[in-house]
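> Based on the hints, put chains B and C in the right spot on chain A.
Protein chains in written order, with the working numbering: chain A, 25 to 289; chain B, 1305 to 1802; chain C, 351 to 663.
One or more of the hints may lead you astray.
Here are the computed lysine-lysine pairs in the DSSO-like style, where the Cα-Cα straight-line distance is at most 27 Å [unchecked claim]:
| no. | chain 1 | residue 1 | chain 2 | residue 2 |
| --- | --- | --- | --- | --- |
| 1 | B | Lys1648 | C | Lys393 |
| 2 | B | Lys1730 | B | Lys1746 |
| 3 | A | Lys119 | A | Lys33 |
| 4 | C | Lys393 | B | Lys1684 |
Non-contacting residues of chain C with respect to chain B, defined by C-beta distances greater than 12 Å in every case (computed) [unchecked claim]:
| no. | residue |
| --- | --- |
| 5 | Arg371 |
| 6 | Ala472 |
| 7 | Asp517 |
| 8 | Gly558 |
| 9 | Thr620 |
| 10 | Arg653 |
No lab work stands behind these hints, which were simulated from the structure alone. All residues carry an ideal CB built from backbone N, CA and C; glycine is no exception.
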Amino acid sequence: MSGRLPVQKTYKLYIGGAFPRSESGRTYLAEGANVARASRKDLRDAVRIARQAGGGWSGMTAYNRGQVLYRIAEMMEMRHAELAALCGGAGEVTKAVDRMVWYAGWSDKLAQVIGSANPVAGPYFNFTVPEPTGVTGILAPEPPLLGLVSRLAPVIVGGNTAVLIASETHPLVAIELAECLATADVPGGVVNILTGLRRELAPVLASHMDVAALDLTGADGDAADLEKLGADNVKRVVRGRADSQSPYDIAAFLELKTVWHPIGM
Amino acid sequence: MTKDKRELARREDKAPIATAWDYAPAPEARDIVKIQERYGLFIGGKFVEPKSGERYTTIDPAREEPLAEVAQAGKADVDRAVRSARKAFANGWSTLRPSERAKYLFRIARLLQERSREFAVLESINGGKPIRESRDVDVPLAAAHFFYYAGWADKLEYAFPNRKPRPIGVAGQIIPWNFPLLMLAWKIAPALAAGNTVVLKPAETTPLSALLFCDVLRQAELPPGVVNIVTGDGRTGAELVSHPDVNKIAFTGSTEVGKAIQRTLAGTGKRLTLELGGKAANIIFDDAPLDQAVEGIVNGIYFNQGHVCCAGSRLLVEESIYETVISKLKRRMATLRVGDPLDKNTDVGAINSKQQLDKISALVQSGVEEGAEIYQPPCKLPERGYWFVPTVFTNVAQSYRIAQEEIFGPVLSVLTFRTPDEAIEKANNTPYGLSAGVWTEKGSRILAMAQKLRAGVVWANTYNRFDPASPFGGYKESGFGREGGRHGLESYVVLDDA
Amino acid sequence: MATAPVLPGGFELPLEPRLPRLGSVDAVALEARAATLATRSIKRESKLFALDLAIRMMDLTTLEGADTPGKVAALSSKGIRPDPSDPNIPSVAAICIYPNLVPYALERTRGTSVKVASVATAFPSGQSSLEIKLAEVREVVEAGVHEVDMVINRGAFLSGRYAEVYDEVVRIKEICAGRAHLKVILETGELGTYDNVRRASLLAIAGGADFIKTSTGKAATNATLPVQLCMLEVIRDVHEETGRVVGMKAAGGIRQSKQAVQFLVQVHETLGLAWLTPDRYRLGASTLLNDVLMQIRKERTGRYQNPDYFTID
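Here chain A stands alone, though its shape is the one from the complex (with noise of 0.2 Å):
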């Protein structure tokens, strides 16, 4: 009975900048911890949480956008250690980190490789600008930091908002990541994470109507299924990789519109 009693961290979900309790009360045990239960009724406040938030994310420059990213990369590296208590280590936090940067610097540029003046034949101006498609409901993928913060910076950096669904037997790092998300300056909403049962969030999450992407990268087997769920309004359904980043991974959940107007006195 000597040295100090530690205070034991609540791992709680993270839904509109807030760290809320699941609204059913449950937790189930993981990495040792009880974890909030996600039920679907926190999904669907999720939801509509992050479609509120929707508005200003996109609204706001790309510039703040990415710096806002950088933000994120500059609190996780803060956190170095934490992270890697939870993670594969150091070395995995390290690409996450390099891999947020990396994205943070796409913001202010993808217009510029993904869209276009299109010089068509007429004495019209056109142009083509991608922009954000909504609601993106992720499925988050093993490695529990790497392939988390793979799928979800594509998403919001593009002006996405996004409800993740955290790695079912590592949570603890999303919720870490979470705490990164809410000191860096992201407006609340914008990143939500659950933490629970897949086989009870997935479907609900590709059912959901006010749902308009998909990323069902971590998904696994039941692919179709959720996929089949998604058709049900048309959802843009991505399966990416774990381990990479591209800006195609930022224009699948963009939409592109092409504007024309007449050039004439």
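Then chains B and C, alone, in the frame of chain A:
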């Protein structure tokens, strides 16, 4: 209650007849920035004494007071700087992982944001521009440029489809005195992002923000020699341009010097970009939102005392609204506050140097002599310092010197037009081609005008808007090459086959 | 009884009084100019000057369903003598209330320099018949108010029935002329664009407005700096072209001294000193008054203040 009534009966509580509402001086504190007594040259990551042994004094143009002694870099100093840049290039900067290069630039961007007040105050003290501009425009944009190009450093292959971009080597960069820190950012950020190292010469009259920037480089832990700053006058620039081991020259300044540089580099195989002078037409149509257009005219020529290469120095106004526009303009000019650059309420600051003041005065004199009508609002100028009252000339003919030559001061020349074609003709009738402004409600006309104007930047229903994502540069004698945007990377890379 | 001139399908201004071109407003540029003007740093004696003006030009307002004679009496006293501990603090320009409370405000302010302004015309919505609106105006004018704050018919405006909007203003001005000055509330928060604000301003002025006023204070968006700038530019154009003087009132949402000073700076730099007088400019506010008093005391004593030291009414 009765007491109230009696009190009020005594008091003459009529509508007050105020004679003036003078804004009390609201000076930004100077002491946030520490200016050293003397500066050396920043070479190889540290300050060194100039081998030339020569120094000169840089002053505060609003007070005509000395601020510091800076070095006059001679041939040997420039050589030392270039060798330092070459060493840094070969020994790591060009082979550093691009994502690491990016992080240095992100650091620099953040540091500029953190020290923004310090830089803004210094810029106003050394250059003469109002603190409101250095605080709200110059410094934030400078930080934004570093932030923007940081993101390109590890994405170059996306900027040039089917090409393998690599850095050129050592870039020699010469910048003007009108936006000292911002011009530094426009030059250094893309150069470093692409993997080059640089030797930069700030303008003779405005070296201090570049020298303070060296401290940001120290805090960012930028490897020594990646950025070298050599101060001095035109002689230093000439040494840099003609140095055999510089692979690329980027120059922003007068057209005259730009041509000299182009002659010097002819046949050497060195890459060159030039951003030179302008005589932009700001074109107002009769359906323009008038009060906003007048604001745009004012912003176009009086922002930064008119020391702007892309200034809207020729107002082309549709004849049918001429009277209305001129009367609104004169009325608006009378509310411009000229004075202490550090006063937060100052709109128009000091002219950067005696030399520039003399040039402006001479050209204005020529305008009067050639027969244009001059208007200057009543304005109380400070005793000491270099000042010029915002001026507008009407009854100007296209051939007058004030309509042809770049004045680079707060002087506007007004001409009229009857049809859009006439406006285009007059707007394009100049050897310059940097920028133009168009004011009209009609979208199709904006696009048609933009199509026909021979200018590198066209502003519609706005003026003097800059962004790191937006390419900037001129046609014709306003120079070649673009700064900003994806295109701004082109002049800093060699495009090998993929 | 005035009738509107016969107007064709579109909207045409009558030739008399002559009005400036309708014109358009660029929203981005307008907002940028308003933002730049808002960065003016007004300190020390120039700040005190502005704060003093803000009180002199204030319409101290209460427009609640729960207003009672007692509430209005207390507000009137506050308006007459905002700070009992400081005799240098001037009275406000006017008390602004609902028609039912007019007699009590008149009683309380009799013999003082403080005017009584009443809202009318089915404030705030304006969604009643013209007859009812005219009757309401007649009633408050008979009762002796000095000023009438009417609302324009936004339903008519937004559906393009501009002649109707104009006609209502003309009819109400007829009742007020020579007895009470007329402020016309545009309810800018409902008009959607600055172009519409400009149009509505010109309509109101054409109809005879003595003042144009931004808002009822009951909408989601009330007085903003860009919207005031838009309206001041109309007033300037009217004055330049016809010599007619029209006043401006910014109402709703101005709670802090810093905002109030920004509104005054705009007037100063757009219309000049001549408009910085209660005859030509008003701030419609309620909680603003105490904030101004706190700021005045802070300027004089150098200390940040505590609301407990200032009476609520």
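> Now look at each hint and say whether the structure bears it out.
Quick rundown of the hints versus the structure:
no., hint, in the structure
1, Lys1648(B) to Lys393(C), "holds (11 Å)"
2, Lys1730(B) to Lys1746(B), "holds (21 Å)"
3, Lys119(A) to Lys33(A), "holds (26 Å)"
4, Lys393(C) to Lys1684(B), "holds (21 Å)"
5, Arg371, "violated (8 Å)"
6, Ala472, "holds (31 Å)"
7, Asp517, "holds (29 Å)"
8, Gly558, "holds (22 Å)"
9, Thr620, "violated (8 Å)"
10, Arg653, "holds (19 Å)"
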